[in-house]
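Protein chains: 2
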Amino acid sequence: MTAATSSLPRHAIVREVGLRDGLQSIATVVPTAHKLEWLRAAVAAGQTEIEVGSFVPARLLPQMADTAQVLAFAKTLPGLFASVLVPNLRGAEQALAGDADLMILPLSASHAHSLANLRKTPDEVVAELGRIRAARDASGRKTLIEGGVGTAFGCTLQGRVEPAEVLRLMQALLDAGADRVSLADTVGYADPASVSRLFEQALKIAGERLSCGHFHDTRGLALANVHAALLLGIARFDASLAGIGGCPYAPGASGNAATEDLAFMLEAMGIHTGLDIPALLALRARVAGWIAGEPTHGTLWRAGLPKTFAATAA
Amino acid sequence: MTAATSSLPRHAIVREVGLRDGLQSIATVVPTAHKLEWLRAAVAAGQTEIEVGSFVPARLLPQMADTAQVLAFAKTLPGLFASVLVPNLRGAEQALAGDADLMILPLSASHAHSLANLRKTPDEVVAELGRIRAARDASGRKTLIEGGVGTAFGCTLQGRVEPAEVLRLMQALLDAGADRVSLADTVGYADPASVSRLFEQALKIAGERLSCGHFHDTRGLALANVHAALLLGIARFDASLAGIGGCPYAPGASGNAATEDLAFMLEAMGIHTGLDIPALLALRARVAGWIAGEPTHGTLWRAGLPKTFAATAA
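As you go down the protein sequences, you meet chains A and B in turn.
Just so you know, we're using full-length UniProt numbering here: the first sequence kicks off at 1 and counts up by one.
Just so you know, we're using full-length UniProt numbering here: the second sequence kicks off at 1 and counts up by one.
Careful: at least some of the hints might be erroneous.
[To be verified] Stretch by stretch, here's where chain A covers chain B in the computed footprint (C-beta under 8 Å, at least three residues):
no.	region
1	184-194
2	254-265
3	297-306
[What the hints assert, rightly or not] DEER-style ranges, computed between Cβ atoms:
no.	chain 1	residue 1	chain 2	residue 2	range
4	B	Thr121	A	Gly270	25 to 33 Å
5	A	Pro278	B	Glu165	25 to 33 Å
6	B	Glu165	A	Asp99	51 to 59 Å
7	A	Arg59	B	Pro31	50 to 58 Å
If you are wondering where the hints come from, they were derived from the structure by calculation, not from laboratory data.
Nothing here was measured: the structure is a model prediction, and the numbers come from that model.
From the three backbone atoms N, C-alpha and C, an ideal C-beta is built for every residue, glycine too.
Generate coordinates for the entire structure from the input sequences, incorporating the hints supplied.
Spelled out as structure tokens, the structure:
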């Protein structure tokens, strides 16, 4: 350990979002049976946190129509912490009915993106989080609530998003009852310096309740951005197997950080993830087969693990 | 500026190696006229340091047979600092004859790789550097000598390469008369933590004479590795337009860090490069046309610059 690496966490969690952010972004509707197979294999490969779907109306996202069924299966898998995306109170009620471990309410710090995507202002989303918190508390469920602040580094519609506005909304989500918050570079506008600046400020507000970083690889910087956040002690990152998903405004460009590449980077750095990378690569190949014709990303699957890897990780 | 970014350099140089590391790795032999056009356009896009070729026997690398001619043209371009790779004293004599600004002697810290690639042990390469230094001093030329320590993070043949051996060889190169040294992750085995550790140690030995980092993107970590080195104040990085070149042991995998993606990352971080990124993207498209059918890499060319970019960089 050196001065340059002394602040790195010893353990980190790669939260799989391929079944939600990945599958909702592609035209192929993956059958429920394949989703369950994915979940089973992901858990066998050591994944402990998976976003299994989204409780949005099926007419808007038919890819997510089976979320209740997928969540029910996820709850049977020992050791799996299953999260779902909920766009509103109605979705949250479904998450509570399914006893999700975590529900994530997305908020867009970009007003333009918020109105276009969620048809609400960011502050209306904050108010919705308050209602979700009340519903959760009334339900007796232990489902945690995460407020996910998206377009936190800029927006393809609005352009610049003020960090002060991102931080104000993060504070507002916590005040409204979020158990945790996260920051997302929804459109791949972040760079390691802006990640350092924003996460450093966000940590001052949220401390350990700042639970996750979500970086898209649209311009190739996802892993560099993860590195910047790691150096601040952030130890949970969203990623999707084969890097699927992402930004509809940049066709052909990568989506999320690829789970397998991120897992490799972390393990190579000596940061324990509990993940079995060869098993992830095998699962990646199966998933890529299920969504044949859809763009996939990532580099490790081509190059393979370095000859030195076992020694490094051990 | 925050604690997390305070150590970043304000300026950085992206040294173009596409004409050497890139073109020598592909089967297509790019005509000299295209190389000169590439050089002219690269300088117009703000590139100030370019590795223009390699003085190796033409029967070994026909792609590099016109290096003397390309170097002669490069020397006519105002403001361009032109370097060449030289595998031995014979190559160095050609570099001196052509009045190169810099000659780079590659040394493989992996003994297995050194014997396979250079047919010399690393210490024999150190001795060759001593002879090159004597030849340079006798010539009256101002050509600088860089000792490039490759396979510094591991090797596909040998596996592990001991950091202590990398550092010993770096010191030996300096002792033998190298003006500068650089560290290269020839096969894409580095990660941000190993980069931090090795560069931190190397800086203790070489100080400002540690002039450059060379990272391959074989496993997607090139830009994260650059970020780790930037945080130690390293401010020069090799890269190739369209990410061409790279590792013959990982077919299909990315080669070098892509010039245009690296330039974007640096400028987005507020680190001045002097590069005109749209001009680089335009040149990338032309180069990709000249080498049609060869694999190219990088992400920025697909996604384009963020809407916020001009404001960020200004």
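Broken hints, by number: none
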